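Trainee: If you want the building blocks of each chain, they are given just below.
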Amino acid sequence: MIKIAFAGNPNVGKSALINEIAGSSLKVGNWPGVTVEKKEAQFEHKGQTIKLVDLPGVYSLSPYTLEEKITRDYIINENPDVVINVVDSTNLDRNLYLTMLLKELGKPMLMALNFVDEFEKLNYKLELKHFEEHMGMQAVPTSALKNRGIKELLEKALLVAEEHKGQVHSKYELRVDKFLESEMKKVKEFIKNSDEFIPVMKKYSMDFITIKLLEADKHFLGKLKGYGINKIDLVEESIARIEDKFDEDVETVFAESRYGAVKGILLHTLKTSMKSRLDFTDKVDKILLNRVLGLPIFLILIAGLMGTVFNGAAPLQDWLDGFINGFIGKYAGILVEGTPDWLSSFVLDGLIAGVGGVLVFVPLMLFLYFFLAILEESGYMSRVAFLMDKVMRTMGLNGKAFVPMVLGFGCTVPAIYATRTLEDEKSRRLTALMAPFMSCGARLPVYGLFTAAFFGKSAGMIVMSLYFLGIFVAMLVGLTFRKHEYFKTDDRALLIELPPYRIPSIKMITRSAFTRTGSYLKKATTVIMGVLIILWALTYFPNHGDTENSYMAKFGKAVAPIMKPTGFGDRWEAVAAVVPSIAAKEVVVGFMAQVLPLKEEGGQDENEEVTTVGEDLTEQVRSLGVALKDSFLGIIDVSAIAGLFEAPDADAIEEQGTGVVQAVSNLWAGDKEGPLKAYSFMVFILLVVPCVVTLAAIKQEFGHKFMWFVTGFLVLVPYVVSTLIYQIGRLFI
Amino acid sequence: MKLTELNRGEKAVIVKIGKLGELKKRLTDMGITSGEVIKLERDAPLGDPQQFLIKGTGIAIRKEDANHIEIKDVVETK
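Protein chains in written order, with the working numbering: chain G, 1 to 733; chain V, 1001 to 1078.
Just so you know, the hints here were simulated from the structure itself, not pulled from any lab data. Bear in mind that the values here come from a model prediction, so they are computed numbers and not experimental data. Among the hints, erroneous ones may be present.
[Unchecked claim] Restricting the straight-line Cα-Cα distance to at most 16 Å, the calculated cross-link-like pairs of lysine to aspartate or glutamate (EDC-like) are:
1) 1016(V) to 376(G)
2) 1039(V) to 251(G)
3) 1019(V) to 249(G)
4) 1016(V) to 243(G)
5) 1016(V) to 425(G)
6) 507(G) to 376(G)
7) 1016(V) to 93(G)
8) 1019(V) to 243(G)
9) 263(G) to 44(G)
10) 146(G) to 127(G)
11) 1019(V) to 93(G)
12) 1019(V) to 570(G)
13) 218(G) to 256(G)
14) 188(G) to 233(G)
15) 151(G) to 247(G)
16) 1055(V) to 120(G)
17) 1039(V) to 1073(V)
18) 1016(V) to 1043(V)
19) 1011(V) to 1043(V)
20) 1055(V) to 249(G)
21) 557(G) to 570(G)
22) 1039(V) to 570(G)
23) 263(G) to 1043(V)
24) 283(G) to 1041(V)
25) 1016(V) to 282(G)
26) 390(G) to 1064(V)
27) 1055(V) to 256(G)
28) 69(G) to 1043(V)
29) 488(G) to 425(G)
Please construct the entire structure, taking both the sequences and the accompanying hints into account.
Mentor: What follows is the structure in structure tokens.
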């Protein structure tokens, strides 16, 4: 097998290149032990297995960020047969700095001069032969977008890999000034003559060892300790002399030497035009980052995005729901006819409803990832951080944390995944802790039911107050935890690159959306289904479908006393409803319908027409067509965004039968504290664990421990807040 | 003078980057070293952070950090 690693700065098009080379075989996972995205592709080429690894985008190989550590360790320890250094050819000036650092590692290398189409459009010219000579490696002009140089890049990479087989180090000398050179020589001599360095030299190139020693690179010194090498006096003396001479720390001195070398090479080989590559970007930024217009445009854009995602996905979600429950459910129902009661209930209420609950999210995920990819690929996402940084700082976060928060109003699950855009693990955690308090769309039906039952005309105001309460609690959480060691970013200052705007390729965005959704599906079908099946069992047993005497009801009755301080603890139905609400918030409405006695006009089933499989299938296809049309209309209908924040109208509740509203209002009929208790219940539903899908997402992104912490937190907070609201509210009644 | 004293649209040469800990290393990695020309593009709508142009790249840093960067030879570009 031939391993090819792709390294480069962020936003240089590494993933797009890999996609072009490997086709659709790209797999997305996480690097072992950390949540940095790992992309790999494997394919057959001329009888050989080739593995492409997309290393995280980095600016350097210092030991500070996780991405840098991963990139550096991978190249050193995994010994890829060749490293392809992808550079943005329109910004060689800065990109080649990383190239210099990569060369110090001494592995077989090749350069991809990416975005060559833009490079030519700007009338830049590079004397390729000379450039290759100076850089000491081959360079292939490429463009993933225009499919240029892709084949050549792969062929050359394979040649380089072949040439260097068995040879660990390519030759490399960093040209530095005389003084620095003499100091480096002293260190090199010392290394050569020290026995304990023999094993180290097998792994690292001479230049790398020398430079890292002089730079006092923490990470590397730690590795040396493993070889029994500690403080070296000779090196310390060298460091002192260099710092004295240059009046700078050694790291900076070396950095400047590398930049100097790059400058020298480009001076002789690159001709740039007067046309700046940032002309277009500058024009767009003048509007999008404008002092007055910047924020309004951003807010409209985000609202538009949310509207598009949720309105566009809703018809497809409804269709999927109908298809699974109405079609698959119907025929599964026929299949399990005659089997024991528990088995048919398991298949219909447990399995199919469970799978359904999971699959229904798929259109939403696809849409969301599609638009997130556009924001990321176009270069706007980093601008969001720029716009919102000052606001988010008060909560110990930087501007990038704003995006997941906004998404949380639609659905907490994508909000959790969107924390990936934050580079630092601690900020990600804090954001994931705050995002569930943004009132998601699934909570609306619950508000709708309870406000209709208890608040009548002021329903809208009540719902609005819940949204604001959610935001308020999230901010409080941010302010409380920002100083905590587990969440506090190590005072890492903000430094973001605002890359040039690029029109993202449809292929790239689509692929990104599908791979991410795929990884959601994989998790969802395992973890979430399991939980949903357990919930089914708890409402079904021990009395075979008699909900009122199910384990769930027993649990509700047992826990009710503990919930007393929140007000709604006097009704076990309300208490028990919280449990299935964790499967999905909408379940509360159905649960209430099940456990509360309601007067129903029965006989619905008898009226149902008898249809054949063929007719049903045609109907499903027809309704899919309608759903696709509605979805499209939903995408272009921007005005529908407003609907996201409206209280659900009477129609939605009527579907459940006004009987439910009546039954719910009977929960506390004649109780003057009734509305307060109902409000306290809604607050609890607002703040409690949004759903198991969210927990699965948190587990996937942050691991078991944090998931359990969040779970506990999202039970404690609603308990405290509901209690406060009820107890204080009582004083005024 | 300090980088924060630069007006919008002005360029200057970086003289020295002061004590910024880890950030200094990250600035260096992104090409912000002494001798380079840096230009202030704009302030964020809320006044902070600021957007600069250096080595053909747009970057944003907070004012409290920019305060540690020393500059000279200010030139107005527009």
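Trainee: Each hint should be assessed against the structure and marked as holding or not.
Mentor: Against the structure, the hints come out as follows:
With a CA separation close to 33 Å, the supplied pair residue 1016(V) and residue 376(G) exceeds the 16 Å bound. With a C-alpha separation of about 25 Å, the suggested pairing of residue 1039(V) with residue 251(G) is violated against the 16 Å cut-off. This hinted pair checks out: residue 1019(V) and residue 249(G) have alpha carbons roughly 11 Å apart, not beyond 16 Å. At most 16 Å may separate the alpha-carbon atoms for a hinted pair to count; residue 1016(V) and residue 243(G) meet this at roughly 14 Å.
Restraint check for residue 1016(V) and residue 425(G): the C-alpha separation of about 31 Å exceeds 16 Å, so the hint is violated. At roughly 14 Å between alpha-carbon atoms, residue 507(G) and residue 376(G) fall within 16 Å of each other, so this suggested pair holds. For a cut-off of 16 Å, the pair hint linking residue 1016(V) to residue 93(G) is broken: about 20 Å separates their Cα positions. A hinted pair counts as satisfied when its Cα atoms are at most 16 Å apart, and residue 1019(V) with residue 243(G) qualifies at roughly 15 Å.
Of the pairs offered as hints, the one joining residue 263(G) and residue 44(G) is violated, with about 40 Å between alpha carbons and a cut-off of 16 Å exceeded. Between residue 146(G) and residue 127(G), the direct Cα distance comes to roughly 22 Å. Violation of the 16 Å bound is thereby established for this hinted pair. The straight-line distance between the Cα atoms of residue 1019(V) and residue 93(G) is roughly 25 Å, outside the 16 Å bound, and the hint therefore fails. For the proposed pair residue 1019(V) and residue 570(G), the alpha carbon gap of about 61 Å is over 16 Å, so the pair is violated.
For the suggested pair residue 218(G) and residue 256(G), the alpha carbons sit about 20 Å apart, so the restraint of at most 16 Å is broken. Between residue 188(G) and residue 233(G) the CA atoms are separated by roughly 14 Å; this keeps the pair inside 16 Å, and the hint holds. Between residue 151(G) and residue 247(G) the alpha-carbon distance is near 48 Å, which puts this suggested pair outside the 16 Å criterion. About 19 Å separates the Cα atoms of residue 1055(V) and residue 120(G), which puts this hinted pair outside 16 Å; it is violated.
Note on residue 1039(V) and residue 1073(V): the hinted pairing holds, with a Cα-Cα distance of about 12 Å set against a maximum of 16 Å. Proximity of residue 1016(V) to residue 1043(V) is assessed by CA-CA distance (about 22 Å); at most 16 Å being required, the pair is judged violated. For the hint pairing residue 1011(V) with residue 1043(V), the CA-to-CA distance comes to about 15 Å; that is within 16 Å, so the pair holds. As the CA atoms of residue 1055(V) and residue 249(G) are separated by approximately 22 Å, the hinted pair breaks the 16 Å bound.
Using a Cα cut-off of 16 Å, the hinted pair residue 557(G) and residue 570(G) holds, with the two alpha carbons roughly 9 Å apart. As the CA atoms of residue 1039(V) and residue 570(G) are separated by approximately 66 Å, the hinted pair breaks the 16 Å bound. In summary, the hint linking residue 263(G) to residue 1043(V) is not supported, as the alpha carbons are separated by about 30 Å, beyond the 16 Å threshold. For the proposed pair residue 283(G) and residue 1041(V), the alpha carbon gap of about 12 Å is at most 16 Å, so the pair holds.
The suggested pairing of residue 1016(V) with residue 282(G) is violated, with an alpha-carbon distance near 27 Å, which exceeds 16 Å. Note on residue 390(G) and residue 1064(V): the hinted pairing holds, with a Cα-Cα distance of about 12 Å set against a maximum of 16 Å. Using a Cα cut-off of 16 Å, the hinted pair residue 1055(V) and residue 256(G) holds, with the two alpha carbons roughly 14 Å apart. Restraint check for residue 69(G) and residue 1043(V): not satisfied, since their Cα atoms lie roughly 33 Å apart, outside the 16 Å limit.
A threshold of 16 Å between alpha carbons decides the hint, and for residue 488(G) with residue 425(G) the separation of about 10 Å falls inside it, so the pair holds.
Of the hints listed earlier, those the structure fails to meet are numbers 1, 2, 5, 7, 9, 10, 11, 12, 13, 15, 16, 18, 20, 22, 23, 25 and 28, in rising order.
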